[in-house]
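Dock chains E and X against chain Y, hints included.
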Amino acid sequence: MSERQQTSANAVEVRNLTKAFGSVTVINSVSFNVKKGKTVTLLGPSGCGKTTTLRCIAGLEEPTSGVIHIGDRLVFDGQAQFELEPEKRNVGMVFQSYAIWPHMTVGENVRFPLDIKKLPQKERRDKVAEILKSVGLGDYVNRPASQLSGGQQQRVALARALVFEPSVVLFDEPLSNLDANLRDHMRHELQELQERIGFTAIYVTHDQREALSLSDEVIVMNGGRIDQVGPPEEIFSYPRSVFTARFLGCSNIFMGTASSVSGNGVVSVCVAPDTHFSGKHHGDQPATGAELAIAIRSNKIRLSAQDDFSDPNLQRFPAVVESRVFFGTYIEYGLCVGSLKLKADCEVGVHYDLGQSIFAAMSQSDCLVVKA
Amino acid sequence: MTVTVAATPGGGGQKVQRRILSGLIYTLLIISIIYPMLMILYESIAESSEGFITHAHSVLTDADVGLAIVNTLKISCLATAIAGSLGVSLAWLVARTDMPFARIFDPLNMLPFYLSSVVGALSWQVIASPKIGLLNKWLEPLFGASPLVNIYSITGIGFVLGLFYAPYIYLFTLESLRSMDASLEEAARMAGSSILNTAFKVTLPLSAPAILSSFMLVFVTCAGIFGVPQVLGTPGHITTVSTIIYRAMNDYPTDYPTAALLSLLLFIFTAMLIVLQVKFLKNKSFATITGKGYRPRPLKLGKWRWFGFGVNLLYVLLIGLPFAALCAVSLQDAWTGSFEWGRSTLENYRAVLFIEDAARRGFSNSLIISSLGATIAVGVCFLLALIVQKTRLPGRRMISFISSLPVAIPGIVLGLGFLVGFISTPLYATIWIIMFAYIVHYLPTGLSNMEALVLSVSRELDESGRMSGASWWQAMSKILLPLLAPGMISTWILLFVTFIREVSASVMLYTLGTETLSIALIRIMEYKPYGISAAFGVLQTLLLMGAVVLLRFAANGSADRKGRL
Amino acid sequence: MLKNFCSALMLVGLVCASPAFADDPAPIIKNEQNAAERERVLKLIEEAKKEGSFHWAGVFIEPEEARKIQDEFKLYYGLPDLKMEYSFVGSGPLATQVEQQIKANKTNFDIVWASAWSWFKDLHRRGEVLQYHSPYYDQYTLSKKAGLSLDGYWASDARTYQPMYNVKVLEQKGITNFEPKSWNDFLDPRFEGMVSLGDVNQSFSFAEMAESIRRTNGDEFFYKLGKIVKPVYFSKTAEGRSWVGSGEFPITLMGHGKNASILRNQKIDVKLVFPSEGVLLMPDTPVILKKAPHPNASRLFMDFVRSAHGVETIKNSGAELFFGRPGVKTSDPELFPTWEDVKAISMDWDTSTPDSIKKIRDLLKKAGIGKAG
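Chains as they are written, first to last, in the numbering used here: chain Y, 1 to 372; chain E, 1001 to 1565; chain X, 2001 to 2373.
One chain only, chain Y, in its complex shape (with noise of 0.2 Å):
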């Protein structure tokens, strides 16, 4: 056994980890590193690497290169060509189909775990029980596991990952299968369970708001690399690419050059001729003349027939309406800015008419200054 020097604070640490599926390369060296106790979110579109991360961190999938660390514990290393296998890294995984086995009753599929390492009866039967109870299925021990609903599945598969007590719990888009209302209602009791029990988990996940409300920290993915790691306010807040704030719901995003820079981080960015958006600017400074871009959420956009806003900081567009669209708790105008085009919501009541000439603004702290 491959004791490290040092103890860790770290329940995973993944380095350089690639995997390659023939020429195509589906992670490309991602680092990154998760806290005992804590929940980190492998967010990014289908086909981003998230969920072949997990399965590398998981033995399932045989990474390509890099180094994997659970706890203390070496399980991956690509240049000794060490790999340890998926049952001896104590690790519990909830699957997006939740892999519940319908030939077991409800009972079987949680003690299953247990089975395997020959816990005494008496302490398979009690842990059985003490975990269903806690995902709210005390009842069912006897069920067929082929007569459950979604919600129920998810809930088994949960007390099946944790009832052994591995040291990570990997969750593989475990609430998409689910309807919209009970992925809500399953994301709440996810996260009470997980402030309950504290298990450290790794969550992957395409859902922006699954990933900012149960996570202590996000990772957001992008064609095999980490785009942007950080806390979910930080990451939601400061994005700091195109393709983050793009994925983190910034629906109007315009690529530009910063025409000047000034010390607080305030950048003015040329996205037109004549068309320049000031914005905040995180991390380094961008020099003058660097290609970056513009983006900003459409419901920090405001709106008015006049140029009569009362706070005198913000820029203001001329713009026409272009289109309009109901969605129930507000509306969606089209606008056109010069030659750019921009979406704004607006609360519902207020109106205008397509073709009607308005004014847009927006403050500069709203106006986020990202990587092109």
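Some hints here could point you the wrong way.
25 Å max Cα-Cα, derived DMTMM-like pairs, lysine to aspartate or glutamate [claimed, not checked]: (1) Y:K38 <-> Y:E130; (2) X:K2358 <-> E:D1062; (3) X:K2227 <-> E:D1064; (4) X:K2083 <-> E:E1347; (5) X:K2366 <-> E:D1062; (6) X:K2068 <-> E:E1347; (7) X:K2173 <-> E:E1140; (8) X:K2271 <-> E:D1333; (9) X:K2358 <-> E:E1050; (10) X:K2083 <-> X:E2046; (11) X:K2168 <-> E:E1340; (12) X:K2315 <-> E:D1333; (13) Y:K88 <-> Y:E165.
Reference excerpt, derived from the structure (chain X facing chain E, CB under 7 Å, subset only) [to be verified]: (14) A2095; (15) E2099; (16) K2236.
Derived, one-sided and incomplete: chain Y residues facing chain E with beta-carbon distance under 7 Å [unchecked claim]: (17) L60; (18) E87; (19) M93; (20) W101; (21) H103; (22) I116.
In short, the hints are calculated from the structure, not lab data. Glycine included, C-beta positions come from ideal geometry on N, C-alpha and C.
Only chains E and X this time, still in chain Y's reference frame:
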């Protein structure tokens, strides 16, 4: 299993073990598939006294060989045409129309799949032999003495093969039609196309790849088949390539080089067709399967629905009536061309069960070979399917490829390969060499069934086992195995039935004492064409039906659980 | 069904009863006067008991007949527990099987009984026939006189192939008063499509038979036969017999007395013809293979089938042959004349070789016989 060894960094133990395992599998596959074929090549080249070229020239220019090749092609074409038109139209009627009693016809149409075509040939002999066939006897007053139908002919052989291979095409077509998105057809109807037009312009072209590949399979099978051409061709002196291979082997002195050369020829022909089929299918599979599970509304045939009923009924009768006639023959002390109450007897059954040593040996040998062989084959195919689909063993795709090669080897060729390949081993002259040949010959069938089964279970189900701490082997045996059990039982039945009625490979490998059921039947038919053979055929059929019914029944219990998946 | 029951019951009875007689000497021992011979047989019996089983194969004796012969043998030699297997098989496949097993050095049967002179001579030359001179061989004087015995190895019976036809079926087709005397009487256009003969390509005994016709009637006979009658081939005589019986092919050129008698037992009126040119007495010979797994049971069985009692048993089983020992009374002189009574075509069997067989096969092929109709 593997791995604890590998727990030291830099330890390549796991990789070494994997290599050993894959080396072992390769060795077994090469011994059982490649080596016998190479031996045929060796026999045909090295063993001929006059030199390969001279020998090949004299064999290939022999008029009898030429005739046999032409006969083989004619029979295969005819059989494929008959099986194809029956299979496709019946599948369409059952799957897509409101033909009456379609639900009852569905299993009945599959019946010949479980029966022996040799017994079918025997039954048709009773119906349509030129002189005393019932049909000819009944029609004699109408058409005069010249026989109207002659089963001892190319047409007769092709016809019987067509009847018995129709279920293969039926099954492929039915599956393809059932998995097809009904809206594709409905769109055609909405665009103003008639029922038949829709069938020919939309439905069938969409299933064409599946249907054509089943055509090709039937063609290849018929080109290499031995039983029916032997039974029906012998009286009418119709030879096929397989029967002249058999003849070259069953004469004194035995002509190994000629048999080997003809086998090689037959193998090259079937292999080419298979390659062609694979190439053809590569670019031509339509994605017609949708996730939507709703069943399409059947097409209304109107007044034609009873016509469809008639067509299907005719097929069932073409299978059933000869068998009924066979039963009648089996109950007569001598067959004179019509049933006579005065000649009623059970003597034939007594003879089969107590007098004919070959029949008795055939029963016990076949039961051992088939039940044990099917069990081993299912086990081997399960393991191979797991290795191909569930491991990262190096070269596992190649394993899958080599295992699928026997699909291109006709049974009689494989049998010859096994004979010349293993004659000097203790396997020779035992039932085990026959069982070995069966397993190898049906490895592609078994493996593709098992692979489909393994793939039908979401990989997450066994992965979640691994994540729960189960080793690879525990995950496979505790999770996958119980889930696949019903499907494995079906595969077992399929192989059992196939093994019971196998003729082509066994005819090369049996020795006196190790006859299989079908070999014993063919041999007894040579000297007891009616009566005892009929009784034997009836018993074999009952055995097959009994096995199928019994095991379906047994499998249903566990299939219920799978149904809830 | 009832019959099955009875035979099963009898079997049980036999098995249960046998220990009671265990101390009684077998009939062969009781009947044997010569002490030395008695000693020899007793020793063989002991050895055969150890061997436990015995497998023989033949081309003429049918399974039912074989069973009767076996049963009597077991009874006569006091070997009730000897497991006996019989295979009834064509001479071609039989030769293939034996040759394969010799090649594999793994013989799993003991006695082969066939009309295959050239093959047996070949086996003998290669040392594949067990040397054994049964004391009964010397009583096979007819066989010896005809040159069909090989001292120290075998003594032969003989059989014939000869025309046979279904009287009633021919009458139905309007052919009455058919009294054939010669092979040539069958070259009659009325018989087109009604005649069968054994497939010379599948069996060398059929080929040898055809060769004997060629010797008496010339090549012409087959050319005419092919042209006028267009006969079909059967692969075993029993197949030809069923065709005659069912009327499918009411005439066969290669029938024989046993087949005629079987059909008559089924109340089918058949006639057997002894052509004036003579018939071919083909050696029908049992030999013990050199590598027979049960040589002692084989020796005993060979003694039995060459003894007067054994020949009587064979005859009574229905497998009537032209027995190579004198003085056998056949059951029906019309169907089964004795060796001494029949006009035989003379044939030097040592001239029958694979080559001569190939020639006759080629001749029939050229004559268009056996072509698909």
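Against the structure, the hints:
A hinted pair counts as satisfied when its Cα atoms are at most 25 Å apart, and Y:K38 with Y:E130 qualifies at roughly 23 Å. Between X:K2358 and E:D1062 the CA atoms are separated by roughly 15 Å; this keeps the pair inside 25 Å, and the hint holds. Using a Cα cut-off of 25 Å, the hinted pair X:K2227 and E:D1064 holds, with the two alpha carbons roughly 19 Å apart. In summary, the hint linking X:K2083 to E:E1347 is supported, as the alpha carbons are separated by about 24 Å, within the 25 Å threshold.
Restraint check: the Cα-Cα separation between X:K2366 and E:D1062 comes to about 13 Å, which is no more than 25 Å; the hinted pair holds. A hinted pair counts as satisfied when its Cα atoms are at most 25 Å apart, and X:K2068 with E:E1347 qualifies at roughly 16 Å. Only pairs whose Cα atoms come within 25 Å are accepted, and X:K2173 paired with E:E1140 is accepted, the gap being roughly 13 Å. Proximity of X:K2271 to E:D1333 is assessed by CA-CA distance (about 21 Å); at most 25 Å being required, the pair is judged to hold.
Distance hint between X:K2358 and E:E1050 is fulfilled; the C-alpha atoms sit about 17 Å from each other, no more than 25 Å. Under the criterion of a C-alpha separation no larger than 25 Å, the hint pairing X:K2083 with X:E2046 is consistent with the structure, at around 15 Å. Of the supplied pair hints, the one linking X:K2168 and E:E1340 holds, its CA atoms being roughly 17 Å apart against a limit of 25 Å. Restraint check: the Cα-Cα separation between X:K2315 and E:D1333 comes to about 23 Å, which is no more than 25 Å; the hinted pair holds.
The hinted pair formed by Y:K88 and Y:E165 meets the criterion: a straight-line CA distance of about 13 Å does not exceed 25 Å. Evaluation of the X:A2095 hint against chain E yields a held restraint, the C-beta minimum of about 3 Å falling below 7 Å. Evaluation of the X:E2099 hint against chain E yields a held restraint, the C-beta minimum of about 6 Å falling below 7 Å. Taking 7 Å as the C-beta contact cut-off toward chain E, the hint placing X:K2236 at the interface holds, the least distance being around 5 Å.
Checking Y:L60 against chain E by beta carbon gives a least distance of about 5 Å; that is within 7 Å, so the hint holds. With a cut of 7 Å, the hint placing Y:E87 at the interface with chain E holds, because the nearest CB-to-CB distance is about 5 Å. A hinted interface residue such as Y:M93 counts as satisfied when its beta carbon comes closer than 7 Å to some beta carbon of chain E; here the least separation is about 4 Å, so the hint holds. Because the smallest distance between the Cβ of Y:W101 and any Cβ of chain E comes to about 6 Å, under 7 Å, the interface hint for this residue holds.
Interface restraint check: Y:H103 against chain E, minimum CB-CB distance 5 Å, threshold 7 Å, status holds. For Y:I116, the suggested interface contact is upheld, since its CB lies about 4 Å from the closest CB of chain E, less than 7 Å.
When the structure is compared with the earlier hints, no violation turns up for any of them.
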